[in-house]
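Can you make the complete structure from the sequences, with help from the hints?
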Amino acid sequence: MARSTARSRHTSLPAYLRLPLACVINVVIGIIFHSVSAGITGYELAAISQRPSDYQLGLLMAWKLTEGLLTYVLGYHGKSKDVAALTCLGHLPYYFFLYTFYEVDTKACGLSLAVDVGRLALPSLLMPPADRPRTSDGEDRNLTKNASDWLLTIIFGATIYALVIYISFSTWLLPYLVTHFDHMRSLEKAHNASITALTGLLLPLGWASSQYLFAPTVANIEPLDDLQDMAEFDPATASLQETLAHNLGIDKHGFSNRAKALTLRAVVLVAYSAINIFIRVFFTVRGAEPLGTLAWAGMWGAAGALTSLAYAWVGHRVGLNETGN
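Sequential numbering of the sequence shown, starting at 67, is according to this note's numbering.
Derived from the structure by calculation, the hints contain no laboratory data.
All C-beta atoms, glycine included, are put in the ideal place defined by N, C-alpha and C.
Hints may contain errors.
Simulated DEER-style distance windows between Cβ atoms [as the list claims (entries may be wrong)]:
id: 1; residue 1: G141; residue 2: I341; range: 16 to 26 Å
id: 2; residue 1: S236; residue 2: I98; range: 17 to 27 Å
id: 3; residue 1: A213; residue 2: P241; range: 38 to 48 Å
id: 4; residue 1: L372; residue 2: T132; range: 22 to 32 Å
Following this line, the structure appears as structure tokens:
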């Protein structure tokens, strides 16, 4: 009887139906939730939005479907935390742009971001794969040991993003954006930004980056024998190249499991966030020009790459500590 129940649980939803059903749920949730959120927050987003052509609407819809497909291609179906984290990393910069330069309030931005995260994460949560392991997720084993360490990784990730944005605001970005966006309402928030304030505002990105980048990194800690070459590293005689490779988890045999996992996720993060930010800003914000949009998206892609490198270094140190080296 128990075997029959287990079999029916695994075959209740055919595998070939899961992908199209998830895509439908993705679109339906987005339409319903965005309509509800507009009634709660008003139409602030509509006030700064351009009127898209049929061609642009088609591209936006195709991209939303592509986002849903991406979670399957990457094997994230059933991993709702990973999907939520990646979505946050790719979508928050769009709302940060509206908040900073178009005076859209945090309530409207936060609720809209929650809708974007929900429409992609909920299908994964509602329809886990039939062969999903019933054991606890190993990615959390190192992170739940110490809540203060987990909090520090969140602040660490948010701080890196904040530093990149602060330096960009203070140097090249603002004059460039003014030149390539016709309807910006204000630069006051950007001019008054501080690293501390930006870090606090970007704490959701800190959580998302620690979940998406750092958690899998510490989950792929190599056994003691695999780290022996790294443990024998001598900083006094090593070249600059060897020192960088050592700190990123690369030895004479090549990438470690941890480095491979992080590299793949870093590539996905940079590509997804840059593409999504460009599409969302260029096709929805009034007065957006390609070069200005590319600069904004590129800055966030660079921030994601730097955050990945920073977590690679931290993950390497954690790996050595875990193995007693």
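Now for the hints, and whether the structure bears them out:
| no. | hint | result |
| --- | --- | --- |
| 1 | G141 x I341: 16 to 26 Å | holds, 19 Å |
| 2 | S236 x I98: 17 to 27 Å | violated, 41 Å |
| 3 | A213 x P241: 38 to 48 Å | holds, 43 Å |
| 4 | L372 x T132: 22 to 32 Å | holds, 26 Å |
Figure legend: structure checked against the earlier numbered hints; the only hint not met is number 2.
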